[in-house]
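Single-letter residue listing:
There are 2 protein chains.
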Amino acid sequence: MGFRVVCCKTGFYTCYIDTIKILFFNFLSLRKGMDHIKKYIDENRDRFVQELFGLIRIPSISSEADHKEDMVRAAEYWRKSLREAGCDHVEIFPTEGNPIVYGEKIIDPALPTILVYGHYDVMPVDPLELWESGPFRPEVRDGKIFARGADDDKGQAFMHAKAFELMMRTDSLPCNAKFMIEGEEEVGSMNIGAFCLENKERLKADIILVSDTSMIGLDCPSITVGLRGLAYMQVEVTGPDHDLHSGIFGGAVANPANVLTKLVAALTDSEGKITIPGFYDDALIISKEERDEMAKAPFDETSYKERIDVAALFGEAGYSTKERTGIRPTLDVNGIWSGYIGEGTKTILPSKAYAKISMRLVPNQDYRKISELFENHFKSMAPDYVKVKVESLHGGQAYVSPIDTIGYQAASKAIETVLGKKPIPVRSGGSIPIIPQFEEILGIKTILLGFGLEGDAIHSPNENYPLENFLKGIETIPYFYAYFTDMWKSK
Amino acid sequence: MGFRVVCCKTGFYTCYIDTIKILFFNFLSLRKGMDHIKKYIDENRDRFVQELFGLIRIPSISSEADHKEDMVRAAEYWRKSLREAGCDHVEIFPTEGNPIVYGEKIIDPALPTILVYGHYDVMPVDPLELWESGPFRPEVRDGKIFARGADDDKGQAFMHAKAFELMMRTDSLPCNAKFMIEGEEEVGSMNIGAFCLENKERLKADIILVSDTSMIGLDCPSITVGLRGLAYMQVEVTGPDHDLHSGIFGGAVANPANVLTKLVAALTDSEGKITIPGFYDDALIISKEERDEMAKAPFDETSYKERIDVAALFGEAGYSTKERTGIRPTLDVNGIWSGYIGEGTKTILPSKAYAKISMRLVPNQDYRKISELFENHFKSMAPDYVKVKVESLHGGQAYVSPIDTIGYQAASKAIETVLGKKPIPVRSGGSIPIIPQFEEILGIKTILLGFGLEGDAIHSPNENYPLENFLKGIETIPYFYAYFTDMWKSK
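Chains as they are written, first to last, in our numbering: chain C, 1 to 491; chain X, 1 to 491.
It is possible that part of the hints are untrue.
[Unchecked claim] The calculated lysine-lysine pairs, modelled on DSSO-like cross-linking and capped at a C-alpha distance of 27 Å, are:
#, chain 1, residue 1, chain 2, residue 2
1, C, LYS387, X, LYS322
2, X, LYS305, C, LYS379
3, X, LYS379, C, LYS262
4, X, LYS379, C, LYS305
5, C, LYS387, X, LYS305
6, C, LYS273, X, LYS305
7, C, LYS389, X, LYS387
8, C, LYS322, X, LYS322
9, C, LYS262, X, LYS387
10, C, LYS305, X, LYS387
11, X, LYS262, C, LYS387
12, X, LYS273, C, LYS379
13, C, LYS387, X, LYS273
14, X, LYS273, C, LYS305
15, C, LYS273, X, LYS379
16, X, LYS262, C, LYS379
17, X, LYS305, C, LYS389
18, C, LYS389, C, LYS421
19, C, LYS262, X, LYS322
20, X, LYS39, C, LYS262
21, C, LYS262, X, LYS262
22, C, LYS445, C, LYS200
23, X, LYS296, C, LYS273
24, C, LYS322, X, LYS445
25, C, LYS262, X, LYS273
26, X, LYS389, C, LYS262
[Claimed, not checked] Going by beta-carbon spacing under 7 Å, a handful of chain X positions derived as facing chain C:
#, residue
27, VAL90
28, GLU236
29, PRO240
30, ILE248
31, ASN258
32, ASP309
33, TRP337
34, TYR340
35, ILE341
36, GLY344
37, LYS346
38, VAL388
39, LYS389
40, SER392
Read the hints as simulated data drawn from the structure, not as lab findings. Ideal Cβ placement from N, Cα and C applies to all residues, glycine included.
Using the sequences and the accompanying hints, generate a full structural model.
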């Protein structure tokens, strides 16, 4: 089957397909032959959820050292799941950090290969007191699974295990499948790069498929085609070498907490612009035409504000909300701490003050260069009465996925088949630093087939994932395999 | 014995005594008759220290609710100590907060009465990891007692119990003694004011004696004649109603931690001046003559900086280090916190950001007015995309003790007798909010007979109190009683 995609914008928006009829017939016939998908899901949905709960119950927080054993337990859980789902070969690869689970099912080397990437590690859970149910005690309320990792990324990655099981059990796997599930995504994927380098042959594939992003909604599906990069820094400001009495020394000795507020405050101006010299130099400027296209995506500011309970929005002057998260870089304090933070009062002049500050980056901004610009600027602003340490905690490049590929087209068709609407391509404000690395190291493009929602509170208390999204995800994936294989054969 | 004190400055510095000869003879005769003091201390010093350790081992942190029972235990310890030392009547008075221990020994209503004030509560101990030995496991290293409360104020207040015991056991108590030991000094002495109001008659005295301040050193003794006031505030800035993913929302929603840094940074300018409108309006301006006198007190900037390991000092432009802590108000962040403060990274846009900010005040600055100015200014600066809450946690007025009183003269003589040098009157940067209240409610002046050192790390990890200061304090107190009684009789 020959078809040609003509894209009106680089990596963006509506495409024109000139072999629409051929595809239409193909689409109908595929739809007809896929009734087993819904049936299998209906018969097994409760088990799918219970198996996901088993994974969620393992508190695999990668940023906290005392969860080291939980990382191994979560990897083992994935090994067992992939083997039971039908992988021929499953192996846990140790790394310098947390292990990587690899599994594969090669049905015919002449067929295309889909490499699924996901992660079994999760974010920390504080503030714990804001959770309505235990972060590692998953439960379904109002049709949603509540737990840390329910969406990001246990729930979403596990859809692939179950969809693969479905194809194996119904004898409908149309191509080869590989799985690579890591345990360090939330801390910067420090070791998967080396793993990819050492396993280039093993990881050979035609497309990487990842469910770790969100869509606008099941009634307004979208596919993420852009991810922001990330430069995550930690700063430490030291005044005196121990906490001092704020009465005896206050006024005469610089307070590092006061100094830190001045340094951090000076990183942005009153218009929301980042003041680090050179910060914007390389940032990709999006054309007016593209911005006009983006503006067409549905956005309801009132409900957006209501959902997070803020009276007004604030961001970089001259850009819309969607632009501020989609095409512009940011600088956010993710954490700040100094001195006495307990109940009541303590009259100290603290010795040290810290902040975790991350910047989301757009295409062409190199995170290494930005981290260096940040460090130099922060240090240059620091007065001589304090000592300043700046550390880069992790980083990653921005990513743009073109939509004129069979990978994107297969994803679009699969979603349209299951949800009844053609998805719109959108840029997400989030970052998955490993995605651009995959392309660099393995030379493979990634499709971000995300079923999360913006309201899923990932990284926050009460993270959740609608059960329907979990099940629709499982339903969509086999269509992706089928369309992708068909299109690959017709290339 | 008649004598006259002519003071060259209001409440400050060198005095001329025209009956020097009479005093000299009296001084010698007193010195001679006081050999029992040193003897008793030598014979009992180990027991004194062990008894103090017993008090220190009770973790009576008044700002932390789960130490409620420890407050009662500490009060009981004081009751027992005062009874065993020789008080006729000892009683624990419940308050709405922590109990107040009262004890007295009335030998003759016609004689003067000294009312000793102290506190059994201590500051919190975090950061715990910086302590070299347990904060509530007192031990002597390098001649110093290391523990929370070793100086402030268990060690210093306990000197009075032991000096009183000494006078009772050696039959040398020259006047009446009263004790009032509270458990809320570190959290603003909320209930002792009401206690004083209800017990005016019981608390009648000629002077209040307090050891809760420091001196320059045993080789350069000083007496604190000024204390700063305090206004302690807590601010809370709320952005979204829950933590958000900093990728998905970053750039479009104001980050309350970023906003907090801007608000706090704006409270002071680059010259160390506080920018709250009206803040300095009532602050007492010290004359050039007084500042010139103050400048004569010894101060070694190099060793001051070395002791706290800072390369440079910073404070309000136009004032010396001693002036910045002694006669000028300040604004210090005592604590700040928001978002993720654990190990590693977490990419959130926090919901809330907090800071504890206290201002040390100088005479004539009313802490209630300053708290209000702070609150109004902070709220007025807050942009509409965040919610701001401002709370006053506690406050107290500044205090100045004149030196042309028999109380000050007796203290000066007692120190000179024991340490061999006339103490210099100094203004401390610290605050003891109850001291000005005593004068207001009871009409009694306070003498601050402090034996702490600036290096004692009070309120900090590794708080300590030199054993020698503890023992010299016990030795000095009976001289104060004797001189004060003599001078009172000669009035």
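Now for the hints, and whether the structure bears them out:
The hinted pair formed by LYS387/C and LYS322/X meets the criterion: a straight-line CA distance of about 23 Å does not exceed 27 Å. Restraint check: the Cα-Cα separation between LYS305/X and LYS379/C comes to about 22 Å, which is no more than 27 Å; the hinted pair holds. Restraint check: the Cα-Cα separation between LYS379/X and LYS262/C comes to about 19 Å, which is no more than 27 Å; the hinted pair holds. Among the hinted pairs, LYS379/X with LYS305/C is consistent with the structure: their alpha-carbon atoms are about 22 Å apart, no more than 27 Å.
Distance check on the hinted pair: LYS387/C and LYS305/X sit about 14 Å apart at the alpha-carbon level, within 27 Å; holds. This hinted pair does not check out: LYS273/C and LYS305/X have alpha carbons roughly 38 Å apart, beyond 27 Å. Between LYS389/C and LYS387/X, the direct Cα distance comes to roughly 32 Å. Violation of the 27 Å bound is thereby established for this hinted pair. At most 27 Å may separate the alpha-carbon atoms for a hinted pair to count; LYS322/C and LYS322/X exceed this at roughly 54 Å.
Between LYS262/C and LYS387/X, the direct Cα distance comes to roughly 21 Å. Compliance with the 27 Å bound is thereby established for this hinted pair. Distance restraint check for LYS305/C and LYS387/X: the Cα-Cα separation of roughly 14 Å lies within the 27 Å cut-off, and the hinted pair is therefore satisfied. Among the hinted pairs, LYS262/X with LYS387/C is consistent with the structure: their alpha-carbon atoms are about 21 Å apart, no more than 27 Å. For the suggested pair LYS273/X and LYS379/C, the alpha carbons sit about 24 Å apart, so the restraint of at most 27 Å is met.
Proposed proximity of LYS387/C and LYS273/X is supported: the alpha carbons are some 22 Å apart, at most 27 Å. The straight-line distance between the Cα atoms of LYS273/X and LYS305/C is roughly 38 Å, outside the 27 Å bound, and the hint therefore fails. Restraint check for LYS273/C and LYS379/X: satisfied, since their Cα atoms lie roughly 24 Å apart, inside the 27 Å limit. Restraint check for LYS262/X and LYS379/C: satisfied, since their Cα atoms lie roughly 19 Å apart, inside the 27 Å limit.
Restraint check: the Cα-Cα separation between LYS305/X and LYS389/C comes to about 20 Å, which is no more than 27 Å; the hinted pair holds. Of the pairs offered as hints, the one joining LYS389/C and LYS421/C is violated, with about 51 Å between alpha carbons and a cut-off of 27 Å exceeded. Among the hinted pairs, LYS262/C with LYS322/X is consistent with the structure: their alpha-carbon atoms are about 25 Å apart, no more than 27 Å. At most 27 Å may separate the alpha-carbon atoms for a hinted pair to count; LYS39/X and LYS262/C exceed this at roughly 57 Å.
As the CA atoms of LYS262/C and LYS262/X are separated by approximately 7 Å, the hinted pair is consistent with the 27 Å bound. Only pairs whose Cα atoms come within 27 Å are accepted, and LYS445/C paired with LYS200/C is accepted, the gap being roughly 14 Å. Distance hint between LYS296/X and LYS273/C is unfulfilled; the C-alpha atoms sit about 50 Å from each other, more than 27 Å. Note on LYS322/C and LYS445/X: the hinted pairing is violated, with a Cα-Cα distance of about 66 Å set against a maximum of 27 Å.
Restraint check for LYS262/C and LYS273/X: the C-alpha separation of about 14 Å stays at or below 27 Å, so the hint holds. Restraint check for LYS389/X and LYS262/C: the C-alpha separation of about 21 Å stays at or below 27 Å, so the hint holds. Nearest Cβ of chain C to the Cβ of VAL90/X: about 29 Å, over the 7 Å cut. The hint is violated. Using the Cβ-Cβ criterion of 7 Å, the hint placing GLU236/X at the interface with chain C is not satisfied: the shortest such distance is roughly 12 Å.
At about 4 Å, the closest approach between the beta carbon of PRO240/X and any beta carbon in chain C falls short of 7 Å, and the interface hint on this residue holds. Interface restraint check for ILE248/X: the shortest CB-CB distance to chain C comes to about 5 Å, inside 7 Å, so the restraint holds. A cut of 7 Å between beta carbons decides the hint on ASN258/X: the least distance to chain C is about 5 Å, and the hint holds. Of the supplied interface hints, the one on ASP309/X holds, with its beta-carbon coming within about 4 Å of a beta-carbon of chain C, less than 7 Å.
The interface hint given for TRP337/X holds, since its Cβ lies 4 Å from the closest Cβ of chain C, which is under the 7 Å cut-off. Checking TYR340/X against chain C: minimum C-beta separation of about 4 Å stays under 7 Å; hint holds. The criterion of a C-beta within 7 Å of any C-beta in chain C is met by ILE341/X, whose closest approach is roughly 4 Å, and the hint holds. A distance limit of 7 Å between C-beta atoms decides the matter here; for GLY344/X the minimum to chain C is near 3 Å, and the interface restraint holds.
Annotation: interface hint on LYS346/X holds; nearest CB of chain C at approximately 6 Å, less than 7 Å. Here the hint on VAL388/X is broken, as its CB sits about 12 Å from the closest CB of chain C, past 7 Å. The closest approach between the C-beta of LYS389/X and any C-beta of chain C is roughly 15 Å, which is over the 7 Å cut-off, so the hint fails. Because the beta carbon of SER392/X sits about 10 Å from the nearest beta carbon in chain C, more than 7 Å, this interface hint is broken.
Taken one by one, the earlier hints fail for this structure at numbers 6, 7, 8, 14, 18, 20, 23, 24, 27, 28, 38, 39, 40, listed in ascending order.
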